[in-house]
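Q: With mature numbering (1 follows the signal peptide of the UniProt record, and there is no 0) applied, the sequence shown covers -19 to -1, 1 to 218.
Please note that the accuracy of each hint is not assured.
Within a straight-line C-alpha distance of at most 27 Å, the following computed DSS-like cross-link-like pairs (lysine-lysine) qualify [unchecked claim]: (1) K59 x K196; (2) K104 x K93; (3) K82 x K153; (4) K36 x K196.
These are calculated hints, taken from the structure and not from any lab test.
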Amino acid sequence: MKKSIILLCILFLGSCAELQQVVNNLPQTTGGGFGVSNIDIANGLRQALDNGIDKQVTKLTQKDGFYRNQLVKILLPKELQKVDKTLRDIGLNKLADEGLKVLNRAAEDAVKESTPIFVNAVKQITFNDARQILLGNDDAATSYLKSKTRGQLYQKFNPVINRSFSKVGADKIWSNIINKYNAIPLTNNVNPDLTDYVTEEALKGVYTMIAVEEKDIRTKLSSRTSDLLRKVFALQD
């Protein structure tokens, strides 16, 4: 008799485990079954990020996409700020301006390489990721995307920016700037790694603009341009 009871318990517990697994795999909803499923949430987050990539990152690839955008404009690194000031002090304002502009041109050129990497990362958002992102901070989706893409983008951007320096004439302009500065009496010679610096600044700019779009969708009803976005982001309001 005892053996039969033990056997029944084992079978019952096994069935419960299987049943729980089935339940866990069903779409979770809110609102008594009339709410939003995990699939909706994941697709909504993907759509929000796709919007950020399409609307905001694309702007950065256009002429002056970085240079005329005060949120992401690439300024000079600290070691070159003294170079810029010194050149302006001796009347070489135009050369200093051109040096700054070509750094931004190289970043604009490199960002064109980012879209396929972003699209692939967006596709990989899981149901669990989506729920955590939805109920997270205003930049939670951007932070997720950054964690999944930053390494790949750096590897992609760095050689592109290096080539872009030649393409947009930055190598010649900065060689001229550095040579002129180093020839000025009583100055310390400089030889900065501009490729690495612009790569880092370009990456920072990309994530900044995606975060702008994400925040708009989270906080402005007018930015939720589809039924899916309206339904999903209503959960975090």
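Q: Next step is simple, just say for each hint if it's right about the structure.
A: Hint check results:
no. : hint       : verdict
1   : K59 x K196 : violated, 30 Å
2   : K104 x K93 : holds, 19 Å
3   : K82 x K153 : holds, 13 Å
4   : K36 x K196 : holds, 13 Å
Hint 1 from the list above is the single one not met by this structure.
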